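Colleague: Let the sequences and hints guide you as you build the complete structure.
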Amino acid sequence: MDQNQIIDILREGIWVALKIGGPMLIASMAVGVLVAIFQAATQIHEQTLSFIPKLLLIIAFLLLAGPWMLDTVQDFTRMIFTQMIA
16 MDQNQIIDIL REGIWVALKI GGPMLIASMA VGVLVAIFQA ATQIHEQTLS
66 FIPKLLLIIA FLLLAGPWML DTVQDFTRMI FTQMIA
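Numbering of the sequence shown is given in the working numbering, commencing with residue 16 and proceeding in unit increments.
Hints are not guaranteed to be accurate.
[What the hints assert, rightly or not] The following label-pair restraints were derived from C-beta to C-beta distances:
| id | residue 1 | residue 2 | range |
| --- | --- | --- | --- |
| 1 | 97 | 18 | 49 to 57 Å |
| 2 | 51 | 27 | 48 to 56 Å |
| 3 | 27 | 57 | 39 to 47 Å |
| 4 | 75 | 54 | 18 to 26 Å |
| 5 | 71 | 16 | 39 to 47 Å |
| 6 | 37 | 68 | 17 to 25 Å |
| 7 | 54 | 25 | 37 to 45 Å |
Since the hints were made in silico from the structure, they are not lab data. These figures come from a predicted structure and were not determined experimentally. Each residue gets a CB set at the ideal place from its N, CA and C atoms; glycine is no exception.
Modeller: Shown next, in the form of structure tokens:
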């Protein structure tokens with residue numbers, strides 16, 4: 016393996032991490048902002064009120080997008096091993 020192949024693998028790894036984690040993080044941040052607006056409007060400052068919706072959203076996201084995430088990681092892993100063998 017030369018330096019360019021290693022850089023390509025690292026670049027692809029970062030892209031895979033962003034592709035898998037990005038939508039979940041953005042959705043969690045959006046729910047957090049909505050809950051914060053609700054808490055500010057109602058002056059209810061309960062810690063679990065901000066935690067539970069985010070947790071439920073992430074669980075739902077993992078259930079719905081889990082197979083896609085697994086396929087993405089498997090494709091990346093296959094790409095790494097095929098480049099190491101060649």
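Colleague: All the hints need checking, so say for each whether the structure fits it.
Modeller: Hint check:
no., hint, in the structure
1, 97 to 18: 49 to 57 Å, "violated, 19 Å"
2, 51 to 27: 48 to 56 Å, "violated, 35 Å"
3, 27 to 57: 39 to 47 Å, "holds, 45 Å"
4, 75 to 54: 18 to 26 Å, "holds, 22 Å"
5, 71 to 16: 39 to 47 Å, "holds, 43 Å"
6, 37 to 68: 17 to 25 Å, "holds, 19 Å"
7, 54 to 25: 37 to 45 Å, "holds, 41 Å"
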